[in-house]
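Asks: In case you want the letters, here they are:
2 protein chains.
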Amino acid sequence: MGGDKAPHIVVEGAHLAREKFPEAKFIIYGDEAQIRPLVKKYEGLESVMEVRHTPDRVTAEDKPANALRHGRNSSMRLAIDTVAKGEADCVISAGNTGALMAMAKFSLKVMPGIHRPAIATYMPTKVAGHGTIFMDLGANAECTSQNLLEFAVLGGVFSREIFKIPEPRIALLNIGSEAMKGDELVKAASEVFAAARLPGKYVGYAEGNEIMTGDFDVVVTDGFTGNVTLKTMEGTASLIKHMMKEAFKSSWWVKLGMVLCLPSLPGLLIIYMALKKFSKRIDPRYYNGASLLGLKGLCIKSHGGTDGIGFANAIGVAAGLAANRFTDKVETELRRLGFEGHIEPLPEVTS
Amino acid sequence: MGGDKAPHIVVEGAHLAREKFPEAKFIIYGDEAQIRPLVKKYEGLESVMEVRHTPDRVTAEDKPANALRHGRNSSMRLAIDTVAKGEADCVISAGNTGALMAMAKFSLKVMPGIHRPAIATYMPTKVAGHGTIFMDLGANAECTSQNLLEFAVLGGVFSREIFKIPEPRIALLNIGSEAMKGDELVKAASEVFAAARLPGKYVGYAEGNEIMTGDFDVVVTDGFTGNVTLKTMEGTASLIKHMMKEAFKSSWWVKLGMVLCLPSLPGLLIIYMALKKFSKRIDPRYYNGASLLGLKGLCIKSHGGTDGIGFANAIGVAAGLAANRFTDKVETELRRLGFEGHIEPLPEVTS
Chain R
1 MGGDKAPHIV VEGAHLAREK FPEAKFIIYG DEAQIRPLVK KYEGLESVME
51 VRHTPDRVTA EDKPANALRH GRNSSMRLAI DTVAKGEADC VISAGNTGAL
101 MAMAKFSLKV MPGIHRPAIA TYMPTKVAGH GTIFMDLGAN AECTSQNLLE
151 FAVLGGVFSR EIFKIPEPRI ALLNIGSEAM KGDELVKAAS EVFAAARLPG
201 KYVGYAEGNE IMTGDFDVVV TDGFTGNVTL KTMEGTASLI KHMMKEAFKS
251 SWWVKLGMVL CLPSLPGLLI IYMALKKFSK RIDPRYYNGA SLLGLKGLCI
301 KSHGGTDGIG FANAIGVAAG LAANRFTDKV ETELRRLGFE GHIEPLPEVT
351 S
Chain Y
1 MGGDKAPHIV VEGAHLAREK FPEAKFIIYG DEAQIRPLVK KYEGLESVME
51 VRHTPDRVTA EDKPANALRH GRNSSMRLAI DTVAKGEADC VISAGNTGAL
101 MAMAKFSLKV MPGIHRPAIA TYMPTKVAGH GTIFMDLGAN AECTSQNLLE
151 FAVLGGVFSR EIFKIPEPRI ALLNIGSEAM KGDELVKAAS EVFAAARLPG
201 KYVGYAEGNE IMTGDFDVVV TDGFTGNVTL KTMEGTASLI KHMMKEAFKS
251 SWWVKLGMVL CLPSLPGLLI IYMALKKFSK RIDPRYYNGA SLLGLKGLCI
301 KSHGGTDGIG FANAIGVAAG LAANRFTDKV ETELRRLGFE GHIEPLPEVT
351 S
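Chains R and Y supply the protein sequences, listed in that same order.
This note's numbering puts the first sequence at residues 1 to 351.
This note's numbering puts the second sequence at residues 1 to 351.
For reference, chain R alone in the conformation it holds in the complex:
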């Protein structure tokens, strides 16, 4: 459900995800008249996908508080409730992020020991096969050092359990590596991190250009900075892609060069395949699927503008977390580290 191109991408994504996760089963909420013909397009999908007709939906413009108040029968809410009831292992949505977070907090509940859930994603790095967990991506525009500490615990468990890093290197995003650098929040958080027990090792500050070097396993920041950072990465990659296209498409002499190369077609094809491989490595669809961490149930946010391949990747993230019994691992770790004493906050909604 949800997203700019739903339900097409959702159905196509489920179809594509089956290749990697043949045992996955799906429940899809939305307009049955729209969904049913799409499901029928893919052989065998109907037998693993239950369609639950839900006319009501949350739109991109709905404020989280409104969605929470008036969206009790929306496809987003009913899908979340499916996880709350234990009928499904994870909910995946490409819809309104604020509404998803508000509803997930209300329906799935926040874990004991966590004040505010956060949104985390996997970032590619220069080290092949090694990703960095980066958070918060925008759930909490204003944070305290305690919030950041809880994010670090959630991210650390993610890195350890999903990427099998025995002792994740946890860093705070800052504008320099020296202790005196940064704003008040990050300086206070650094002291808290250094004194705290963590599922990993606090290694100090990471700068913006170090998120993707592979030198850190978890990089923590507030939701304002995290959201700007994530979108800046998207914008930079998009600019570079645009410039590359321009360099190759805009001038007649490049076309001439291509024509001149035609006699060496096998060679050209190989170079083209290398370019394709490179494109795939920087293709945001293959990194799609951000996790709402700190909840008692699994909830994955897909990029709204993705396609079937991207949505399939988000399903893959969900499958990985579910197979690893991620929620249990986090609860155990929070207890072990002594975070559990906190009173669970009331479901809180930012308008």
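Some clues are possibly wrong.
[Claimed, not checked] Residues on chain R that point at chain Y, a partial pick, calculated with CB under 10 Å:
| hint | residue |
| --- | --- |
| 1 | D31 |
| 2 | E32 |
| 3 | M180 |
| 4 | E184 |
| 5 | E210 |
| 6 | T221 |
| 7 | H242 |
| 8 | W253 |
| 9 | E331 |
Hint data in this document are derived by calculation from the structure and do not stem from the laboratory.
Computed from a predicted model, the values in this text were never measured in an experiment.
Note that the Cβ used here is the ideal one computed from N, Cα and C, for glycine as well.
Position chain Y against the provided structure of chain R, taking the given hints into account.
Replies: Same frame as chain R, now just chain Y:
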């Protein structure tokens, strides 16, 4: 002076800059024994470059307050003083940014109406030939909405006078485009911007992925977010370059593809030239040279890790600002907009 590879890059940069700015004259501060042989390497450079022997220097590790207190005879300080005395139009340094800002504030003085100077840079965009002014890059980790407003005025004048945009579109960096989005600072700033007179038009929020679309002429944020954003762009571009190199260099079959293409050498060369042109467009050296704005004299910060080409570009930024009499234009604009009433702050140093 300054920088990881000084004085080589400084001398080479001056030599390269002469091609575009044949009338430029240089005064260089530093170790004469090191500098003199470098200057002699480039024909005719000696006649336009005065070497002033200065054994004392600011290091990358010096805290701004210490540099200000104990660096009165450092090459950085003496170079800044040259501008303060009117002997030079602009100072360019690849050294310690914090020290440069502290000394420049002290020696050049802050303009009436400006509480805190900011560091601004030119960002490439998808629109060829159109750049966005982005600031603050890290001079002020904590900001008030008044600080951001003053940055907007400085950036607006930059866009109008240097890029000849009659009415610059000025935006605040935020995590969404709706009014309710963001942290307290950005929401307060948005109200201040909407009510203020600006050298341009306040057009609302820009997200991280919109800094380089060409839809905005000036994008304003606090120094913490700005610094993280700038370094994230560097990190993303560097990751993409790394992945591209890997895709082409690591496997024997790509090498085979290249060999197979050799018979079409002229075509290959043309494609290679297109790649080169693209590389140049994303090469950070060609965007090097950030301006310290809000001071009574011109001061340009070069990236510490750049080379001669990058330093030449920073000299180009300086030459452009000096030729446009940028400082006078800003003072006139601040007066016109009624910013002048503020009391000039005492030289203030963040340690």
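Asks: Would the hint on M180(R) stand, with a C-beta cut-off of 10 Å toward chain Y?
Replies: It holds, given that the least Cβ distance between M180(R) and chain Y is near 6 Å, below 10 Å.
Asks: Taking the closest Cβ pair, is D31(R) under 10 Å from chain Y?
Replies: violated, 26 Å
Asks: Checking hints one by one. Is E210(R) an interface residue toward chain Y, by the C-beta closer than 10 Å rule?
Replies: holds, 7 Å
Asks: For the restraint on E184(R), tell me whether the closest CB of chain Y is nearer than 10 Å.
Replies: Interface hint status for E184(R): holds (7 Å vs cutoff 10 Å).
Asks: Against chain Y, with CB atoms and a cut of 10 Å, does the hint on H242(R) hold up?
Replies: Since chain Y brings a Cβ to about 5 Å from H242(R), closer than 10 Å, the hint holds.
Asks: Can we keep the E331(R) interface hint, with Cβ of chain Y closer than 10 Å?
Replies: violated, 30 Å
Asks: Closer than 10 Å between Cβ atoms is the bar; does E32(R) clear it against chain Y? Give me holds or violated.
Replies: violated, 32 Å
Asks: Let's test the interface hint: is any C-beta of chain Y closer than 10 Å to that of T221(R)?
Replies: holds, 8 Å
Asks: Given W253(R) as an interface hint, is the shortest Cβ-Cβ distance to chain Y below 10 Å?
Replies: holds, 6 Å
Checked against the numbered hints given earlier, this structure breaks hints 1, 2 and 9; the rest are met.
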